[in-house]
Every structure is written in structure tokens, then in C-alpha cells.
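All you need for our numbering is the position in the sequence shown, starting with 1, plus 4.
The set of hints was computed from the structure by calculation and includes no laboratory data.
Some clues are possibly wrong.
[Unchecked claim] Cross-link-like lysine to aspartate or glutamate pairs, in silico, DMTMM-like; alpha carbons within 25 angstroms at most: (1) K107 x E169; (2) K108 x E49; (3) K213 x D200; (4) K70 x E96; (5) K163 x E216; (6) K70 x D200; (7) K70 x E216; (8) K213 x D46; (9) K70 x E54; (10) K70 x D207; (11) K146 x E177; (12) K213 x E177; (13) K162 x E185; (14) K146 x D130; (15) K77 x E96; (16) K162 x E127; (17) K146 x E169; (18) K24 x E169; (19) K24 x E216; (20) K146 x E185; (21) K77 x E49; (22) K168 x E182; (23) K77 x D42; (24) K168 x D73; (25) K89 x D130; (26) K108 x E216; (27) K24 x E182; (28) K213 x D73; (29) K107 x E223; (30) K77 x E187; (31) K163 x E212; (32) K108 x E182; (33) K168 x E187; (34) K24 x D73; (35) K146 x E127; (36) K163 x E127; (37) K213 x D192; (38) K162 x E204; (39) K146 x E187.
All values derive from a computational prediction rather than experimental measurement.
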Amino acid sequence: MLISFAANGRTVSGYLSLPKSGSGAGLIVVQEYWGLVDHIRDLTERFAAEGFVALAPDLYHGEQTKSPDQAGKLLMALNIANAGKDLRGAAEYLLAHSAVQPKKVAAIGFCMGGQLALYAAQEHPDRITAVVDFYGIHPNVKIEPSRVTVPAQGHFGKKDPSVKEDTARALFERIGSEGGEAEAFFYDAGHAFFNDARPEAYDPSSAEKAWERTLAFLEPI
């Protein structure tokens, strides 16, 4: 269902999915650079089916596209500070929601959203208790490993030209060496291997393994 919440003095819309059980931990699902498209909405439904109260905030505030060129422009035009505040607002909305029991919220993101999920966890550890990053990338989002203090999990494709394996591995190792709890997995796949709406990128075997690992990681929250 479409909902709205307050963040940074403005109203942000989002897509909310509730579990059949009626309650569960909160989960913020952070969009790819296409916007709040059907694939992201479908993911919130999948997570709700697993027992989460899942919310995908619309970080582009109504804009979305199927064009890679336009998606790149939307990504570069995104105000990172405001996006971080929108994600904090999403966390606060979930924490105040009667269906969120226990009162814990994790964040998961894909592509641009993976980097933003890490950023949100870095900036708002008082609101976000765990984070999952799927092949996260955004040139304007700086991750400071020493500030990622919540448990973090990453999923990356070894054939991803956008997110190099060495770079991703070094980031998660650094988070761990700085005292954080971090693990990263690498798959024989390319970028966006989890996106079943993109047959040219989707890798079913890798996606299934990543899904199982993600659920196992998030289950304790």
C-alpha cells in the first residue's frame, strides 16, 4: 500500500507491505537508481511474506525511469543529505507503527540503494540496527568504516564492472577491522544479479543463495 511519512520537514511517500501475522520487525527497502519501480515494490511484498513490516521510501519523490541514461541523471541529482534524512524518517515511521514488534528496524538496499543503506546505518545507528548491501554504488556517498557500528552484510558479483570485488572486499574487511560486525559474499555473477525484472542481469542461483543468507542474517532482529 502507498503511505506517506514526515521527514526533514516535508512529506515523503513510500510503499508499505505488512506481514500476514500482523506484526514483525521493520525493514527499509532502498531502491535502485531506477526509482520506486515495480521490482522494489515486489521485494517489499516478498519481505512481508517472510514476516517483516517492509517499507520502500520514494527517494526520487515521484520520479522513475526505465532509461539507464535518465536513471544515471536521477542518481547524480539526488541530494545525499536529504536522502539520508528521508531514510531516517522511514525508520522513525516504522518504529512508531503498531505492527512493528519488536521495535527494531534494519535496512537493505540494491545498487544505489545498497550504498545508501550503508550510509543510513552509518548516520543513524540509533534508528537502524542492521544493514544489508547488495552491490552498492554511488559516487557521492562516502562510507566511513569506523562509523558502521551495526551488523552489516554485503552481496557482490565477481563479474560486476561497477563494483569491483577488491573494493567491496576491502570495505567490509575494514568495517570488521574497525570493530564492526561485517560479512560479505561474492558470487559468480554480474551487477544486479538479484533483479529478476532484468533477465539480462538476473542470476537465479546466486540470487537464491543471497536471499537465504539475507534472511538468516536478518532473522535475529
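Hints versus structure:
1. Taking the CA atoms of K107 and E169, the gap is about 35 angstroms. The hint is violated against a cut of 25 angstroms.
2. This hinted pair checks out: K108 and E49 have alpha carbons roughly 19 angstroms apart, not beyond 25 angstroms.
3. With a CA separation close to 14 angstroms, the supplied pair K213 and D200 stays within the 25 angstroms bound.
4. Restraint check for K70 and E96: the C-alpha separation of about 30 angstroms exceeds 25 angstroms, so the hint is violated.
5. Proximity of K163 to E216 is assessed by CA-CA distance (about 21 angstroms); at most 25 angstroms being required, the pair is judged to hold.
6. Of the supplied pair hints, the one linking K70 and D200 holds, its CA atoms being roughly 15 angstroms apart against a limit of 25 angstroms.
7. Taken as a hint, the K70 and E216 pair is broken in the structure, with Cα atoms around 28 angstroms apart against an allowance of 25 angstroms.
8. Distance restraint check for K213 and D46: the Cα-Cα separation of roughly 18 angstroms lies within the 25 angstroms cut-off, and the hinted pair is therefore satisfied.
9. Between K70 and E54 the CA atoms are separated by roughly 28 angstroms; this puts the pair beyond 25 angstroms, and the hint is violated.
10. For a cut-off of 25 angstroms, the pair hint linking K70 to D207 stands: about 20 angstroms separates their Cα positions.
11. This hinted pair checks out: K146 and E177 have alpha carbons roughly 16 angstroms apart, not beyond 25 angstroms.
12. Distance restraint check for K213 and E177: the Cα-Cα separation of roughly 21 angstroms lies within the 25 angstroms cut-off, and the hinted pair is therefore satisfied.
13. For a cut-off of 25 angstroms, the pair hint linking K162 to E185 stands: about 22 angstroms separates their Cα positions.
14. Between K146 and D130 the alpha-carbon distance is near 19 angstroms, which keeps this suggested pair within the 25 angstroms criterion.
15. Restraint check for K77 and E96: the C-alpha separation of about 29 angstroms exceeds 25 angstroms, so the hint is violated.
16. Using a Cα cut-off of 25 angstroms, the hinted pair K162 and E127 is violated, with the two alpha carbons roughly 28 angstroms apart.
17. For the hint pairing K146 with E169, the CA-to-CA distance comes to about 18 angstroms; that is within 25 angstroms, so the pair holds.
18. The hinted pair formed by K24 and E169 fails the criterion: a straight-line CA distance of about 38 angstroms is larger than 25 angstroms.
19. Restraint check for K24 and E216: satisfied, since their Cα atoms lie roughly 20 angstroms apart, inside the 25 angstroms limit.
20. Proximity of K146 to E185 is assessed by CA-CA distance (about 19 angstroms); at most 25 angstroms being required, the pair is judged to hold.
21. Proximity of K77 to E49 is assessed by CA-CA distance (about 28 angstroms); at most 25 angstroms being required, the pair is judged violated.
22. Restraint check for K168 and E182: the C-alpha separation of about 21 angstroms stays at or below 25 angstroms, so the hint holds.
23. Between K77 and D42, the direct Cα distance comes to roughly 20 angstroms. Compliance with the 25 angstroms bound is thereby established for this hinted pair.
24. Restraint check for K168 and D73: the C-alpha separation of about 21 angstroms stays at or below 25 angstroms, so the hint holds.
25. A threshold of 25 angstroms between alpha carbons decides the hint, and for K89 with D130 the separation of about 13 angstroms falls inside it, so the pair holds.
26. Proximity of K108 to E216 is assessed by CA-CA distance (about 21 angstroms); at most 25 angstroms being required, the pair is judged to hold.
27. The suggested pairing of K24 with E182 is violated, with an alpha-carbon distance near 39 angstroms, which exceeds 25 angstroms.
28. Restraint check for K213 and D73: the C-alpha separation of about 31 angstroms exceeds 25 angstroms, so the hint is violated.
29. This hinted pair checks out: K107 and E223 have alpha carbons roughly 14 angstroms apart, not beyond 25 angstroms.
30. Distance restraint check for K77 and E187: the Cα-Cα separation of roughly 31 angstroms exceeds the 25 angstroms cut-off, and the hinted pair is therefore not satisfied.
31. Only pairs whose Cα atoms come within 25 angstroms are accepted, and K163 paired with E212 is accepted, the gap being roughly 17 angstroms.
32. Between K108 and E182 the alpha-carbon distance is near 24 angstroms, which keeps this suggested pair within the 25 angstroms criterion.
33. The straight-line distance between the Cα atoms of K168 and E187 is roughly 16 angstroms, inside the 25 angstroms bound, and the hint therefore holds.
34. Among the hinted pairs, K24 with D73 is inconsistent with the structure: their alpha-carbon atoms are about 39 angstroms apart, more than 25 angstroms.
35. For the hint linking K146 to E127, the alpha-carbon distance of about 11 angstroms falls within 25 angstroms, and the restraint holds.
36. Between K163 and E127, the direct Cα distance comes to roughly 30 angstroms. Violation of the 25 angstroms bound is thereby established for this hinted pair.
37. For the suggested pair K213 and D192, the alpha carbons sit about 11 angstroms apart, so the restraint of at most 25 angstroms is met.
38. Taking the CA atoms of K162 and E204, the gap is about 16 angstroms. The hint holds against a cut of 25 angstroms.
39. Only pairs whose Cα atoms come within 25 angstroms are accepted, and K146 paired with E187 is accepted, the gap being roughly 19 angstroms.
Hints 1, 4, 7, 9, 15, 16, 18, 21, 27, 28, 30, 34, 36 from the list above are not met by this structure, while the remaining hints are.
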